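**Q** Let's have the full structure, built from the sequences with the hints guiding it.
Protein sequence lines correspond, in order, to chains A and B.
Count along the first sequence from 1, then add 85; that gives the number in our numbering.
Count along the second sequence from 1, then add 56; that gives the number in our numbering.
Hints listed in this document are in silico derivations from the structure and should not be mistaken for laboratory results.
Among the hints, a few may not be true.
[Unchecked claim] PhoX-like, lysine-lysine: derived pairs with alpha carbons at most 25 Å apart:
# : chain 1 : residue 1 : chain 2 : residue 2
1 : B       : 663       : B       : 219
2 : A       : 178       : B       : 556
3 : A       : 168       : B       : 556
4 : B       : 704       : A       : 168
5 : A       : 178       : B       : 704
Model, not experiment: these values are computed from the prediction.
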Amino acid sequence: MVNVTLNINGTEHTLAIEPRVTLLDALREYLGLSGTKKGCDHGQCGACTVLVNGQRINSCLALAVMHVGDQITTIEGLAEGDKLHPVQAAFIKHDGFQCGYCTPGQICSAVGMLNEGHAKTDDEIREQMAGNICRCGAYQNIVAAVREAMARTT
Amino acid sequence: MTSIDTAAPVSPVGQPRDRVDGRAKVMGRATYAADAPVRNAVHAVIVQSTISRGRIESMDASAVEKSPGVIAVLTPNNMPKLEKASPDAQAETRTPLSDLEVLYAGQHIAVVVADTLEHAQHAATFLKVDYAAKPPVLDLNDPAAKIERPAKDPLGQKLQLEKGDVAAALAGAGVIVVKETYSTPVETHNPMEMSATVAYWEGKKLTVWDATQAVVSRRKSLASLFGLKPEDVRVLCPFVGGAFGCKGDQWPHTVLAAAAAQVVGRPVKLMLTRPEMFTSCGHRPVTEQTLTLGATKDGRLVAIKHETKIEDSDVGKHIEPCGVGSSAVMYATPNLALTHQLSRVNIASTTFMRAPGENPGTFALESAMDELAIALKIDPVQLRLVNYTDKAPHNDLPFSTSNVKECYRLGAEKFGWHLRNPEPRSMTGPRGERVGWGMATATYPGHRFPNQARIRVFVDRDGGLSAIGASATQDLGTGAYTVCTQMTAMLVGLPFERVKFELGDTNLPPGGVSGGSATTAGVGQALSEAAGKLREAALEIAQGKIDSPLAGLKPTEVVLRDAHLASIENPAQAVALTELMTVGEKYLEGMNEANPASADNFPAKRKAHTFQSFGAHFVEVYVDPDLPIVRVNRVVSVMDVGRVVNPKTAGSQVQGGVIMGIGQALFEETHYDRNTGRVVNDNLADYVVCVNPDVHSIETHFVGEPDLLFNAIGCRGVGEIGITGINAAIANAVHHATGVRVRDLPITAAKLLRQV
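**A** Listed below in structure tokens is the structure:
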């Protein structure tokens with residue numbers, strides 16, 4: 086067991102966990118932050134995407150102990166109180182999800198992608214969101230939502 | 057059947073509303089099964105068989121038990137004895153861990169429960185198992201496979217059928233015959249949410265959070281297995297992270313989680329891993345279909361023969377009714393033959409996957425229709441128009457509504473079909489791509505399962521009226537929360553914003569399975585009847601008052617509108633609903649009766665009409681001229697599904713079906729090792745589904761009118777029709793682009809190169 090202090094959504098949490106605990110399981114099973122989803126546990130689907138210092142990562146491929154001292158943002162930390170982040174609002178408006186299970190990962194990934202600032206066109210959005218699988222098939226609407234959020238935030 | 061009330065100034069039904077559960081979903085607040093707010097849960101993980109046929113000779117769990125944090129290990133040797141389950145709700149005929157026989161690779165053989173997930177996962181690796189293995193049967197054409205020819209499918213429809221004389225018709229003078237065999241591989245649902253169960257006991261009462269398409273069915277099944285009264289089992293499922301059929305029946309892991317919770321006396325959480333999803337909750341079976349079409353020179357079909365081969369495990373119960381879902385209903389033909397043959401193999405059990413039967417069935421029939429159109433030199437749309445039927449060929453019952461011709465017309469117009477050069481390899485794209493245009497018909501039956509629902513109207517804190525509709529149905533991502541809210545709002549005549557809908561909990565009035573695209577139709581009918589009961593209750597109170605303006609009116613003569621109960625004929629005769637809620641009485645309530653006779657889910661028993669949705673897909677593919685990689689560039693899909701309650705969520709459903717169909721046509725295939733029978737690509741990197749860059753323009757349209765013969769709302773459901781026919785439309789477009797006909801999905805570059 087090791088003591089790990091994680092800064093999540095601006096709050097510090099200290100956990101006594103095994104070093105092998107992934108960041109995803111630390112969030113879900115030890116901190117009760119179940120908004121981040123497990124879709125494969127292999128870094129293949131993107132459902133567990135969170136932001137670490139503003140960059141998107143697959144939290145299932147990271148150990149919690151690796152992120153001491155980092156600023157971790159999960160889906161629960163994107164809105165300001167009841168005011169949705171522009172990406173969240175655009176996902177609702179454009180129906181960018183159906184079951185909603187990949188959605189926290191899609192939204193965190195989109196926020197990370199906008200931070201990167203490389204996508205300009207729809208094709209570039211598609212390519213740079215390729216790591217987030219949506220089995221319901223909301224891709225067209227996800228692109229529309231990201232396009233709108235991009236226009237609003239840049 | 058009575059028509060619906062469309063009394064609100066702008067009916068909430070038909071509006072493109074945002075999802076009412078949207079905020080919860082984008083904020084990470086939607087609680088899926090594994091997110092259940094249950095404290096102190098311990099973790100269960102499953103151990104699966106590594107052979108696909110044989111017997112477990114011995115199991116040694118001593119090292120598992122000594123591993124840190126382990127609380128219990130369940131194996132066939134110590135599994136608590138379960139009662140016989142009600143058969144209809146179980147996916148497999150065998151109760152889990154009830155014997156030592158291995159029937160397929162990836163069969164559950166043990167459960168390890170530990171204090172943390174990490175401890176459970178680690179400990180599970182220490183289980184020692186010795187097998188006596190036998191050579192498995194892995195192919196439906198293996199002579200060692202047991203063969204069955206089932207008479208009927210679970211909905212009572214005939215799987216072996218001959219109408220007229222097919223052989224004589226095919227041998228007729230001047231008849232052009234197309235006969236080809238089409239095949240589809242095993243496809244695995246892979247919803248993003250892996251199946252999960254959180255179970256806990258309080259004395260003899262069991263509570264289960266389960267990722268399921270059917271909370272009520274799950275309760276019935278768990279109650280019978282554990283010898284409980286149904287009311288002592290509560291199943292909750294407020295959100296489902298996609299299902300597509302794999303969460304319909306009860307699979308073993310749900311039972312194992314409940315049994316483990318009983319053994320350890322604590323809440324147990326069990327989530328299948330992604331590899332386990334390939335063997336633990338079904339898949340679409342391999343299909344091999346031979347289509348024989350006979351037609352006159354002008355394209356008129358004289359015979360359709362549709363022979364289907366499918367497979368399942370020894371304990372599976374699914375039949376993929378390919379011919380029933382396609383040739384039985386789509387085109388006018390005086391002679392029709394359907395056969396279905398099932399092989400028993402040592403591969404995990406199969407189950408319904410989005411449009412079971414209709415999806416592979418339309419791939420075969422709609423590919424064959426394209427081949428016939430080419431043989432006859434008739435435009436593919438024209439060939440379908442020539443063979444239009446207004447009744448189902450297998451039972452000659454007229455369709456309740458039938459607008460497929462309008463689907464063809466509008467689809468062709470939106471797509472620009474008239475610009476198509478019929479010659480294969482005749483069209484090229486801006487960068488020299490080979491361009492192909494193909495089309496196909498989509499179809500899916502109207503299903504509606506028995507359902508109860510309740511509506512309560514009450515005075516809110518602000519003094520205004522609000523309503524809550526409720527039914528133990530499920531929202532799989534379909535938009536059920538939203539469309540049920542819209543239907544409730546319409547029926548009680550209140551604004552959408554003042555209405556809520558509750559689902560996914562067996563404490564609510566019993567609902568049916570959310571499968572067969574049946575939820576909106578089933579719940580809608582139930583809500584309509586519940587609203588009728590609510591009107592009756594309100595009218596009785598109103599007429600009990602002196603000088604009631606509604607005196608003498610019958611319940612069928614009043615309507616709920618603008619917070620009033622009003623006469624339909626003379627709207628000025630009205631009573632404010634607030635006046636009917638006396639002090640101390642919180643709400644007016646209406647709930648429909650159980651199992652109304654009108655709500656039958658057995659198409660075979662229908663006497664007057666066939667309820668069937670139709671649509672048309674028009675597809676443009678680009679195929680690289682050097683390495684023939686296919687890109688689906690443009691899709692126009694036009695659907696007639698009766699009344700569309702919410703065009704926004706319904707459009708998303710059709711898009712989702714089309715996209716899963718693109719995946720099926722181009723990528724998806726579960727591969728099994730030919731020697732061991734184990735799944736080779738049991739993960740989301742190797743089982744390839746569509747990702748964002750695979751999807752380009754998909755345009756959806758709806759035509760048609762409310763199907764009020766089917767239910768009081770007039771809808772036939774929209775979850776599955778999008779994935780029918782799209783596979784063939786893509787294959788037809790690929791043929792148009794390349795001149796190569798691929799009859800074996802998926803259409804890979806390797807298959808195209810091989811045939812060039």
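**Q** Indicate, hint by hint, whether the structure satisfies it.
**A** Going through the hints against the structure:
1. In summary, the hint linking residue 663 of chain B to residue 219 of chain B is supported, as the alpha carbons are separated by about 18 Å, within the 25 Å threshold.
2. Restraint check for residue 178 of chain A and residue 556 of chain B: satisfied, since their Cα atoms lie roughly 19 Å apart, inside the 25 Å limit.
3. Distance hint between residue 168 of chain A and residue 556 of chain B is fulfilled; the C-alpha atoms sit about 22 Å from each other, no more than 25 Å.
4. For the hint linking residue 704 of chain B to residue 168 of chain A, the alpha-carbon distance of about 24 Å falls within 25 Å, and the restraint holds.
5. With a CA separation close to 10 Å, the supplied pair residue 178 of chain A and residue 704 of chain B stays within the 25 Å bound.
Comparing the model with each earlier hint shows no violations; every hint is respected.
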